[in-house]
Every structure is written in C-alpha cells, then in structure tokens.
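**Q** Here's the letter readout for the chains.
2 protein chains.
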Amino acid sequence: MFTISGNLQGYFRWVQKCNGGLKAKERYHPWSVGQSTIGYLQPWLFQKLKGEFPNVFKVLTKPEALDGLALNDQLSTCEDRSAALEAVAARLRDDGVLSGWRNELYPVLTAFNSEPLALVERAAAVQLGIKAYGVHVNGYVETEKGIELWVAMRSKSKPTWPGRLDHIVAGGQPHGLSPQANVVKECGEEASIPQELARNARPVGAVSYEEEQEMGLKRDVLFCYDLKLPPDFVPEPQDGEVESFQRLPIEEVANIIATTDKFKDNCNLVIIDFLIRHGFLKPEQEGYLQLLAGLRWGPCT
Amino acid sequence: MFTISGNLQGYFRWVQKCNGGLKAKERYHPWSVGQSTIGYLQPWLFQKLKGEFPNVFKVLTKPEALDGLALNDQLSTCEDRSAALEAVAARLRDDGVLSGWRNELYPVLTAFNSEPLALVERAAAVQLGIKAYGVHVNGYVETEKGIELWVAMRSKSKPTWPGRLDHIVAGGQPHGLSPQANVVKECGEEASIPQELARNARPVGAVSYEEEQEMGLKRDVLFCYDLKLPPDFVPEPQDGEVESFQRLPIEEVANIIATTDKFKDNCNLVIIDFLIRHGFLKPEQEGYLQLLAGLRWGPCT
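These protein sequence lines map, in sequence, to chains A and B. Take the first sequence: its position 101, counting from 1, is numbered 101 in the working numbering, and each next residue is one higher. Take the second sequence: its position 119, counting from 1, is numbered 119 in the working numbering, and each next residue is one higher.
Check the hints yourself; a few may be wrong.
[Stated by the list, open to error] Think about it this way: if two alpha-carbon atoms lie no more than 25 Å apart in a straight line, the pair counts; the simulated SDA-like pairs of lysine to any residue are:
no., chain 1, residue 1, chain 2, residue 2
1, B, Lys-228, A, Glu-284
2, A, Lys-228, B, Lys-282
3, B, Lys-145, A, Arg-199
4, B, Lys-264, B, Glu-284
5, A, Lys-228, B, Arg-13
6, A, Lys-25, B, Ala-293
I should point out that these hints are in silico values taken from the structure, not numbers from a laboratory.
Next up, chain A with everything else stripped away, as it sits in the complex (with noise of 0.2 Å):
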C-alpha cells in the first residue's frame, strides 16, 4: 500500500491556514443575540453597523476588550431576528459588501441541532462572521493499483475559489435539510450521481477551523462522508460550478495537499483526514498527533 513518507509539515500548514482565524479574532467586534456570541466582525463593519442600524444593533462596551454589537432585545423572536438581518444583509449586498446573493438561508446557531436564534443569507455568512457548517464527499474508487479519488476543477467563472480543485461533491449546509439529505442532493446537482449511489454516503467524522479571509472570519464545522463509487462511474457536472471531473491516484492528491495551493483551502483539511482514515499517514511520522489535532482546532460544535 501507498504511503506517506517524511514529516507532515507540507500538510500541516493547511492547518495553520484555515485557523488563522483563531488569532485574528482579537482584532474583530464580536456580536451576539441575548448572552450568546454568535459572530465576529471586522471593524469598518462593525462601525458601518452601528451607524447605520441603530435599530437592529446596540453597541456593547467592554472593558480591556473591543466593543460588541447585539441584537436588540425587542427582536424577540427568531422571524424578527430574520427580518432584521435579512434589511442588513441586502444593504450590504447594495453597498457591494457582499459578492454575491446565494438566496439560501443559513441558520445562526449556538452549536449544531440547537433551535435557531435567526436565518441569514448565506452570501453574508462570512462578513457576520457566524458559524457555518457544510458536507463534503470523498468520491473514491478503489483499484487494483489502490484508491484513486474523484476531483472537481471549480469554473473559472465562479465568484469563490475560481479554477481551485475541489471535492467531487460539496455544499453548505442550509436551513432545514439534514446533512444526509443534503449529501444525497448535492450529488444530483453538482456531479449527476443517481440517488441510490449517493446514498451510500457514509458520514465518517467533522473537522472544523475558523480561517480569515479578505471579508470576515470563515468558522466552519465541515461533515466528512465516504462515497466508494463503482469503477466504471462518471460524474458529470451539472450545474455549471465544475468544469471538469477527474480521477486521481490518491498518492497523486497527497502530494497536491503537500506541495501546492491546487485545492480550495478547507478540501485539504476534509482529504488529510481521509488520508489518516485510511491508514496513508502513520503515528511513526514527526507531527502525526499535531496534524491530527490540528484537524479541530476551530471549535467542534
């Protein structure tokens, strides 16, 4: 069997990438509904939204702390809270904030399966800095010649990530579908694999990191499922977002992760945790335990 020699450092710095978050945040303004933080913003925006939404927002003084922003307390419900941050997100779509408008609703939660405290355009996720979680698939096939996986190259039209490589399947996870449905619903949208292919998905564990981006702070928490996929399968694209599909040695792939930036950045954390499931990484090699720590270093919640 393929395995990986040499010390883990090519793959740990993906680590290091997609949690930069989690030192940026001393410079952002948290905000929050009732007594629970639910974002953090950068600070032009948390002075934007408290200039321009003193309605929506009071200003929460902290000493030897930076200010925060809640919700007001008027807005009791979560329809109201909805309302609200729906006014706020299509301002700061006018204003150019925002790439983009997904039309998806994402909830704001306090952990994953809690009652949602309000819906939010997902295209307004990153710049409130909340908690998102999403479904990636790694598409495999196994070989004579050992485990070959199925890659995507992202449209070079796409707002996000253009020409990166990416899982066979991915998504965010909205409001009000279960990760496997959504599993089962991305595989049709995004690669044409039938229903009774997809679901044989099989959720296999998390990972989580919170990375700063040119907008905000991206606090992920991305189920990881297994799809072994017969031999003779295609995937095709589907709905424009892949330009391509192919099937890659899995050697091939580490050494991507290793040695490149080919992948959109939280792919590589979802493939390092395949590649430790299935025994390709060992305890014997200097930074194995870091790296695996380092797969939940965001909170995992």
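Go by the hints and put chain B onto chain A.
**A** Chain B only, in chain A's frame:
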C-alpha cells in the same frame, strides 16, 4: 446498514468518565524536568517524594498554585534521570504504592516522537501522572449481516480491570519500539495473530484523554488501528491476560457501550471512534459533534 438511533448520551458519559482528570488536575502537584511540566502528583505522594527524595527533587513554590517538584538540575542526562526515577519507583513498589512491576520502560516525553527526558517503569506511570501512549486494535470481520468485532474478556486474575471487556489486541507503547512494530508484537502475544495478518493493521487516528484513577492521573494518547480479519480466523489467548475471545455484531457492541460498564474504560473511546469512522453514528443525532470532539479532549500531543 445498522445505525444507532436516539441521542448519544450513553456514549458521551465515557468521554466524561475518561476525562475526569482534566478538572481533577487542579488538586494535583505538577512536577517537571527543566522548563517542561511532565507529570502530576496526588498531595500525599507529593509530600512523600518531597520528604524522602531531597536529592532527586527540589520544591518549586508558586504563588496562587499548588507547589510543584522539579527534578534536580544536576540530573542532566536521560541516563541520570532514569536511574533516579528507577530508585523512586522501586521505593514506591517496596512501600506498596505500586500494584505491580512490569519491567517495561515508558519514555517521559513532552510530545510523541520527542527525545525522552527519562525512562521510567511502566507501573509508576499513573502515580507519577506522566503522559503515556498505547496502541488499540479494532479486529473486525465483514459478514453478510454486517460488521462483527472481536472482543476479549480480560482474565479475572489481572491486577488491572479484571473481567472487563477489551480489544482483541491492545498494549502500552514502550520505549524503543515503533507503534506499528508494537501492534505486530502484541497481536502475536495477546491473540496469536500471525505476523502476515497483523501487518494489515491500519493506523486510523488516535484518541486522547486524562482519566482520574484511584492512584493518580492516566494521561494517554491511544493510537487506533483497524484490522480486518478473515471470517475463518479465530484468535487464541496466548499469554494468560485474556480469558476468552468472542465475536459480536457491532450493534451489540454499541449497545454494551451505551448502556453498561462492561468494557475497560478507554476501550469505549476507541470503539466510539470506530463507530463514527464507519458511519454507525450520524451528524443528525443530537450530540454528534460534542461526542466527536470529546474523543480528543485530552491533549493530543
């Protein structure tokens, strides 16, 4: 495929049980080599070592924290420190503090794969509260009805965990042996698994915890292995530590973990990790992420 339904509280109690040491540590006295804290002592043992070994340990007084001990700086090499700690362990054995003597040396490490600061008799590891490492092997069979796990019943005459259920193969990680070589060795010694089968054991990650036990803190990282066994293979007790082996359907194992105390404490964590990696637990279940995070509550270093 069998899946586990309902909430995961029956599993999560093992995370809590195996991590009682994280909170209890406040009541323990740290001891160190140079600048590195490497162990924790119950108050009575702190007093005993302080009183009886003034040439080995010096006292570190700390404002607003319990006093600590530090190995005397004149013990400047691994050999010197090992010899001093051997004398300490021998005294603890003679005074009835240790429940046995394993004649097996554990390295005293700040992190796995770091240079050992000293070597110390395994039987003193919990009393001295040092970080220790082990290998646990999930030996399983894929049948038409699903996965079955080989489970050992520990000998009722074993000093530790008599009569409890255990992995088919598990062992402490001694100095001077790689985890993989240790797996192969323990496979032969504990279950008569031939080398050519044992070498198929696949490293799949690790769990880490800090458990408070009667005699001190068990601060472990366990490297987890999956070993797929042929349906006709039957393990045989070899070294008297195991009374019998049985092959149980994974749903029965899961039920034992969720509802009884039959398994040796730390085996529960390793098998929960197995259940997650093989898709028997699902993100839809309340407490999934908390359980997942709990598998590495203890420092994974």
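**Q** Please verify whether B:Lys-145 and A:Arg-199 have alpha carbons no more than 25 Å apart.
**A** 19 Å, holds
**Q** For A:Lys-25 and B:Ala-293, compute the direct alpha-carbon distance and say whether it is at most 25 Å.
**A** Distance ~21 Å between A:Lys-25 and B:Ala-293 Cα, so the pair holds.
**Q** Hint check: B:Lys-264 vs B:Glu-284, CA-CA at most 25 Å. Holds or violated?
**A** At roughly 28 Å apart (the allowed maximum being 25 Å), B:Glu-284 and B:Lys-264 break the hint.
**Q** Hinted pair, alpha-carbon criterion (25 Å max): B:Lys-228, A:Glu-284. Please report holds or violated.
**A** Holds: B:Lys-228 and A:Glu-284 sit about 21 Å apart, inside 25 Å.
**Q** For A:Lys-228 and B:Arg-13, compute the direct alpha-carbon distance and say whether it is at most 25 Å.
**A** 33 Å, violated
**Q** Measure nothing beyond the straight line between the CA atoms of A:Lys-228 and B:Lys-282; if it is 25 Å or shorter, mark the hint as holding.
**A** Distance ~18 Å between A:Lys-228 and B:Lys-282 Cα, so the pair holds.
Of the hints listed earlier, those the structure fails to meet are numbers 4 and 5, in rising order.
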